[in-house]
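Student: Sequence:
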Amino acid sequence: MVKFFHFQALENLCSCPQIAGYGNPASIYLLKGDIMHYRGIFPRDLFTELERLQREFGGSPSIRGAAPGYPAMNVGTTPKSVEVYAFAPGMTPEEFDVQVENGVLTISGERKNIVPPEGATIHIGEHFSGRFRRVVSLPDDIEPNSTTASYRDGVLHVCVARREAAQSRRISVQ
Numbered sequence: 000m001v002k003f004f005h006f007q008a009l010e011n012l013c014s015c016p017q018i019a020g021y022g023n024p025a026s027i028y029l030l031k032g033d034i035m036h037y038r039g040i041f042p043r044d045l046f047t048e049l050e051r052l053q054r055e056f057g058g059s060p061s062i063r064g065a066a067p068g069y070p071a072m073n074v075g076t077t078p079k080s081v082e083v084y085a086f087a088p089g090m091t092p093e094e095f096d097v098q099v100e101n102g103v104l105t106i107s108g109e110r111k112n113i114v115p116p117e118g119a120t121i122h123i124g125e126h127f128s129g130r131f132r133r134v135v136s137l138p139d140d141i142e143p144n145s146t147t148a149s150y151r152d153g154v155l156h157v158c159v160a161r162r163e164a165a166q167s168r169r170i171s172v173q
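Residue numbers for the sequence shown follow numbering that gives the first Met the number 0, beginning at 0 and rising by one.
Calculated directly from the structure, the hints in this document are not laboratory data.
What you are looking at is a predicted structure, and each value in this text was computed from that prediction instead of being measured.
Take these hints with a grain of salt, some might be off.
[Said to hold, decoys possible] Mimicking DMTMM-like on lysine to aspartate or glutamate, the simulated pairs with C-alpha atoms at most 20 Å apart in a straight line are:
hint, residue 1, residue 2
1, 79, 142
2, 79, 163
3, 79, 140
4, 111, 96
5, 111, 100
Turn these sequences into a full structure, and let the hints guide you.
Tutor: Below, the structure written as structure tokens:
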């Protein structure tokens, strides 16, 4: 029979500070008969443990797996603006709600479910449907009143202009 002990429970059983990990809160001691074995709670090879967990849960973790329904996004900056691209094919411009408030850009909407033809069978369904909401923190130097948004070829493009004072300029020295 194997008994598990946390290190504090062993204070009465063992006064062996030379045991590896003794006193470490992230350790467990196994008592098999009269022999005590040390085992860390955390695996020594973290990547092997992650691979094992991926196999047990049936796939690799991803952003889409963690948050289904969110369209993929690219966010970047230029000297004059902050550029946001949301990849959401199959929608119309009316299905998006884009807001800039208190330095935060919010893109939300709803993507309708595709209904297969009668008698058809879906074998793999990776098309997301339903409500979504993406939130992007913007830098302090933006001009929210100069925000534009356009939707073309399945990509929503939001452009948030930067203030004129924030843009760098060349100053001549005399």
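Student: Work down the list of hints and note, for each, if the structure agrees.
Tutor: Right, here's what the structure says about each hint:
no.	hint	in the structure
1	79 with 142	10 Å, holds
2	79 with 163	8 Å, holds
3	79 with 140	10 Å, holds
4	111 with 96	15 Å, holds
5	111 with 100	27 Å, violated
The structure fails to meet hint 5 from the earlier list, while all remaining hints are met.
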